[in-house]
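These protein sequence lines map, in sequence, to chains A and B. Each number in the working numbering corresponds to the 1-based position in the first sequence with 31 added. Each number in the working numbering corresponds to the 1-based position in the second sequence with 76 added.
Honestly, the hints are just simulated from the structure, not real lab data. Note that this is a predicted model, so its numbers are computed, not measured. Some clues are possibly wrong.
Partial chain B-side listing against chain A, Cβ under 8 Å, derived [claimed, not checked]: (1) A116; (2) A122; (3) L125; (4) R126; (5) R127; (6) A159; (7) A163; (8) Q165; (9) F166; (10) Y179; (11) E297; (12) I303; (13) L305; (14) T310; (15) N323; (16) T328.
Straight-line C-alpha distance at most 20 Å; calculated SDA-like pairs for lysine to any residue [unchecked claim]: (17) B/K175 <-> B/E286; (18) A/K85 <-> B/K231; (19) A/K85 <-> B/K151; (20) A/K85 <-> B/Q133; (21) A/K70 <-> B/R78; (22) A/K70 <-> A/P268; (23) B/K231 <-> B/S275; (24) A/K239 <-> B/W343; (25) A/K239 <-> B/G320; (26) B/K151 <-> A/A233; (27) B/K151 <-> B/V313; (28) A/K239 <-> B/E297.
Quick list of simulated restraints, FRET-style, between CB atoms [said to hold, decoys possible]: (29) B/G345 <-> A/G168: 20 to 30 Å; (30) A/L189 <-> B/G345: 18 to 28 Å; (31) A/D317 <-> B/K182: 43 to 53 Å; (32) B/R232 <-> A/D317: 27 to 37 Å; (33) A/H60 <-> B/R136: 23 to 33 Å; (34) A/K322 <-> B/F123: 51 to 61 Å; (35) A/A82 <-> B/E229: 43 to 53 Å.
Just so it is clear, CB atoms sit at the ideal spot from N, CA and C, and this is done for glycine as well.
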Amino acid sequence: MKHSLAVDLNGLRFAHPVLAASGCLATGHDVPGLVDLHKLGGVVSRSLTLAPLKGAPTPRSAETPSGLLSAVGLQNPGVEAFVEHDLPRLQKAGVPVVGSVAGSGLEEFIRVAQILHRQPGVVALEVYLSSPDQERGGEPVYARLDRILEIVGAIARLSSIPVFAKFPPLVPDLVGTARACVRAGAFGLTLVDAMPGLGVDAARLRPKTAIPVAGMSGPALKPLALAAVYQVTRAMPDVPVMGVGGISNGTDAVEFLLAGAWAVQVGTALLVNPAAPVEIARGILDYLREKGVGSPAELRGRLRVRGEQG
Amino acid sequence: MRRVRAEVLNTRRLGAYHSITLVAPEVAERVRPGQFVSIAMPEGRAFLLRRHFSIHQSSRRGGWAGTLEFVFDPKGPGTGWLAEVKAHQFLDVIGPLGKAFAYPAKLNACLLVSEGHGSAPIFFLAQELRARGKRVDMVVGAEDLEHVFKPIEGKRLSQTIAIMTADGSLGERGSVLDVLPQAVEQSGAQVIYAAARRSTLRSIAEFCTERQIPAQMAIEEHMACGIGLCFTCTVPVIRKDGSGYDNLRACTDGPVFNPARILWDRWMGDEPKMTPTPPEGFPVVRSWPG
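So here's chain B without its partners, still in its complex pose:
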């Protein structure tokens, strides 16, 4: 983990998302898929906390050596300011942070499932898996066309790709969960990786447990510091020896976890569980809290 003042090389819009590429060789050299960076907000702002973003790309070689790219939704809390940042500005960056996705040693066929900006770290992972000679298939989901992250890049990185949108504006109408069994069968997936909404991750976790497919998931939890100081981003994780569980920090022990070890009920508390998507598509039904 390093803290650097990193120059913004460029910024661009990617559909509904924003991307920033930084010159940060000390960080870029060490980054692996699943890890994240922490960016300080400017001084004098009412909102103080750093913001944390999964890394989408890092380049160790070639003309882009020493750069890293992260992607965010400018509508997210506090990210409006970041969307206004211009090339050659400097950002206070800490990284790389967190545990990365592990690569399978022997198993070959990997199915990568992502929703929305969860595709950013997943595409980085796809690239690394490919470089290790693994087969990569993808299921990518989003609310609509605008929120499907780099679909063409997804096609290039994968053997097969299924794109799912809630409104059917790109690919098939539905959620990633609708095509998961089919995708597993067609690709012969031996390992599943995922980055998505919590409720989706939980369903994928149940699916993986049922089929006994090993999986790794990048989760999101409210992080105040991102560097292990504050203990606010904890996830209840079963101990390896099964003797109980611990509230582990997503920033230092995650954000990548083995979903079979997450106590989903405990973690998600009273959040309503997502129901399967009906064939006619998504009637957006929100359960009334309380």
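Chain A with its partners taken away, still in its complex shape:
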């Protein structure tokens, strides 16, 4: 039997289903040599804004059991500098790029997407809905469904490439929100984004990060992410979902595929092991061989749930 890791997300193709998640792979020109860019399934860029952002004060990170709290505050060179200085290195490596679009309001989201969607090498956009919405008092975009739809809808209308919506599993009706994003024009979903987390330094009576409520990522997030992927893909089996949250090895990735993911993204694990995505892809291949399954797509949603057929 011939085994292939290639995946096809309704026409969006990757050589293997393991991408580097947003914000965990430097910016582009500065990716360290330890990461084999050309061996990645794809790269999701840092979340990009229109103007360069200096980000949050330090400390920006703290550890928590099985997780990482980070509050970088969207530090990024701005979309134009990214296109000029960072994208070429990724293009040269031949790795497909998913451009992560951030913004402080509707207009900025649109303008960033307008620049990114027509760049060679950028194969899809991912809308970062945890961006603080300055037009709504700084609350995250995902806090209001009308705002999510407004932004996702506007980007989907202008974009010539597939658009994924990314949010944490915090919205009141996860499946309903996912469905609404798709109706607004999203091609797929990236589930899940980091969850809000607070680290407290009791000795100093201070939060552990300068922005007190940080994003929690890492293995602690995995069951939440799996549940989100499972619920959404059960409800909409034809909509591509990229699973992300605490994937550290091949088994974790296979779990996401079985739960319904079409591809996966690796974030925190990359910070610890720069070879993680390549090792995870190899782990998926080993699993396919062991189970006699031809491709990752055949694993999708194959979770055997009691009382269900198949």
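Based on these hints, arrange chain B on the given structure of chain A.
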């Protein structure tokens, strides 16, 4: 930067600190003072992130060729496990990382100031400066005798050395800042290097600016990855052309910086500024946060 599986050659206690020597020729060959290595924690541990340590020693020649040594405080976060590591175990090591101290081309007299385990990279630097024919004087500080890193080695490496402890258990009672002006005058220092607590570094930076002495400092900031991926260890550094500042990553653009270019106020935020040590010693006064 290389990633290797490196064998532990030996481990030893140095006062309050622990030292590990690794066999890692690919890394050791390239290492310069100020650079650091990143060590992975064992799998299955609740704390995931790699730990980062300044390099204390690397040997390119002789019987110890291809080895490098780093020093840590076993009470630090996640370093308890490392203190239990034994010879012949293997560690997942990435290095060398970061920018090293630069050596002065023409200036000769170097004053090296360090506190606690900051002495580990500083002693490595002293050795390299000496090998380049520079004059090296040192000011070494710590809380107490146990935390003074290798005082005898310090004496051997330097023309003169002032040892300062907060409780007076070794050398003079006080902080490195107390003897800094005197040390500069006596040694005729033309360049200052430092590795110490942030508040101490800031005071040394102010001193250097006032006296117009060029300086280089190895700073510490929370690092999640250590290899430039995550942007969590940033330091606000003024651009060379003065057109503004950038939040630079301490892991790739540092950890050695020119202190005159660091925006200390911005970087340290609301951390209380250290007051000068009174002559009677350190009453440990902590300002109440909030």
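Hint by hint, here is what the structure shows:
| no. | hint | result |
| --- | --- | --- |
| 1 | A116 | holds, 7 Å |
| 2 | A122 | holds, 4 Å |
| 3 | L125 | holds, 6 Å |
| 4 | R126 | holds, 6 Å |
| 5 | R127 | violated, 10 Å |
| 6 | A159 | violated, 18 Å |
| 7 | A163 | violated, 25 Å |
| 8 | Q165 | violated, 19 Å |
| 9 | F166 | violated, 15 Å |
| 10 | Y179 | violated, 25 Å |
| 11 | E297 | holds, 6 Å |
| 12 | I303 | holds, 5 Å |
| 13 | L305 | holds, 5 Å |
| 14 | T310 | holds, 6 Å |
| 15 | N323 | holds, 5 Å |
| 16 | T328 | holds, 7 Å |
| 17 | B/K175 <-> B/E286 | violated, 26 Å |
| 18 | A/K85 <-> B/K231 | violated, 44 Å |
| 19 | A/K85 <-> B/K151 | violated, 33 Å |
| 20 | A/K85 <-> B/Q133 | violated, 35 Å |
| 21 | A/K70 <-> B/R78 | holds, 18 Å |
| 22 | A/K70 <-> A/P268 | violated, 28 Å |
| 23 | B/K231 <-> B/S275 | violated, 26 Å |
| 24 | A/K239 <-> B/W343 | holds, 15 Å |
| 25 | A/K239 <-> B/G320 | violated, 28 Å |
| 26 | B/K151 <-> A/A233 | holds, 17 Å |
| 27 | B/K151 <-> B/V313 | violated, 31 Å |
| 28 | A/K239 <-> B/E297 | holds, 13 Å |
| 29 | B/G345 <-> A/G168: 20 to 30 Å | holds, 24 Å |
| 30 | A/L189 <-> B/G345: 18 to 28 Å | violated, 40 Å |
| 31 | A/D317 <-> B/K182: 43 to 53 Å | violated, 59 Å |
| 32 | B/R232 <-> A/D317: 27 to 37 Å | violated, 54 Å |
| 33 | A/H60 <-> B/R136: 23 to 33 Å | holds, 31 Å |
| 34 | A/K322 <-> B/F123: 51 to 61 Å | violated, 33 Å |
| 35 | A/A82 <-> B/E229: 43 to 53 Å | holds, 51 Å |
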